[in-house]
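Participant: Listed below are the residues making up each chain.
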Amino acid sequence: MADSKQTLDEILNLAAAQFKVPREKLTPDDDFFKTLGIDSLQALDLLTRLEHHFNVELPDYELQGVSDFRTLAGRIQSRL
Amino acid sequence: MNQFKGRALSWELKNGVIELALHREPCNEIGSSTLAELEKFASALADLEPNAHALILYSTLKSGFCAGADLRELYHGAQGMDKQSAARGVREFLERIHKVMNAIDGSPLTTIAAVNGVTFGGGFELALVCDLIVADKMARFCFPELRLGLIPGFGGIPRLKRDSGNAVVRDLLLTGRSFNATKAQQVGLVSQVVAEGESLRAARGTAAQLGKFDRATSAVAKKFIKPIPYEELQQEIDIFCELFTQPAVEAGLKKFVESKDAQPYLP
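Chains A and S supply the protein sequences, listed in that same order.
Heads up: the first sequence at position 40 corresponds to 79 in my numbering, and the numbers run straight through without jumps.
Heads up: the second sequence at position 229 corresponds to 241 in my numbering, and the numbers run straight through without jumps.
No wet-lab data here; the hints were simulated from the structure.
Check each hint, because a few of them may be wrong.
In silico SDA-like cross-links for lysine to any residue, where the CA-CA straight-line distance does not exceed 20 angstroms [stated by the list, open to error]:
1) Lys195(S) / Lys59(A)
2) Lys74(S) / Leu80(A)
3) Lys74(S) / Gln81(A)
4) Lys74(S) / Ser79(A)
5) Lys195(S) / Arg88(A)
6) Lys74(S) / Arg88(A)
7) Lys195(S) / Phe93(A)
8) Lys149(S) / Ser79(A)
9) Lys59(A) / Ser75(S)
10) Lys267(S) / Leu80(A)
11) Lys195(S) / Glu101(A)
12) Lys149(S) / Arg88(A)
13) Lys74(S) / Glu101(A)
14) Lys149(S) / Leu85(A)
15) Lys111(S) / Lys195(S)
16) Lys59(A) / Pro239(S)
17) Lys74(S) / Leu85(A)
18) Lys74(S) / Glu49(A)
Working from the sequences, and respecting the hints, build out all of it.
Facilitator: Below, the structure is given as structure tokens:
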């Protein structure tokens, strides 16, 4: 099972690749809506990619109000 | 009419397969213009059926199959009307779209929804009228209506109950959460999950297979196994219209329409 740091790294790598943002520009406490410049439809796309990548289910309401990578990683980690 | 190109959708009959393409930006929201073209399709369907064995519904948009009812049109249309007049307008819209949905649901053709991305609310309900759902792995299914103080109104609850069982309906309806394609397949809703961007190709492959069977036998088999739940569909319209007059709905629609939130599609 991935540890928290590994989970966070994988999220940052996936987000950088998917939204074509240099990986070094992303930090754990970034607001990913702002840093990635994504809207709600793209957020759903990211959610789906994360579910497939980590093979977890992430109910949408668990992500309500979550906008930074670190908190997102914590939510995923709790389901691994 | 073997071919039609409208503003919201197009269709074409080719080699025994009717392909109905949705292409209204941003995500095929169903408002009055889409409904009018869907009605045009439903009227043409009877003439197309003798020369076809399958119907495929799909979206040409990367954003998704369909994000559901056009809530902005619904909200702005209801402004300046008293509640009873607005509710009458909503009932008329629902009755019209139910006729379209029932025509596709009950068609003797084998019908396939090839879905991708956002398949929410009325878009999910449109997919549910089809016999098979082929989903791109990035598809997501959701009934977000409760957060507006409503229930799905295009026939989604009775059809999902028919196809997947009551517990699945309760999970999606009462939590408002969305399922990805893999989860949707696990609960029996999706027939095939395919790679990103491949749902139409897979649906065409399935349609080609269907063409090998005797059409009349396929139609009899479908009629036997897929009853249309007319009574529950009517109840759904009645409940929707009753809820629509409640203050929570106007407030929910206003919040959605005026939202600057980056997450309006997240329940």
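Participant: Tell me the hint numbers this structure goes against, listed in increasing order.
Facilitator: 1, 13, 15, 16 and 18
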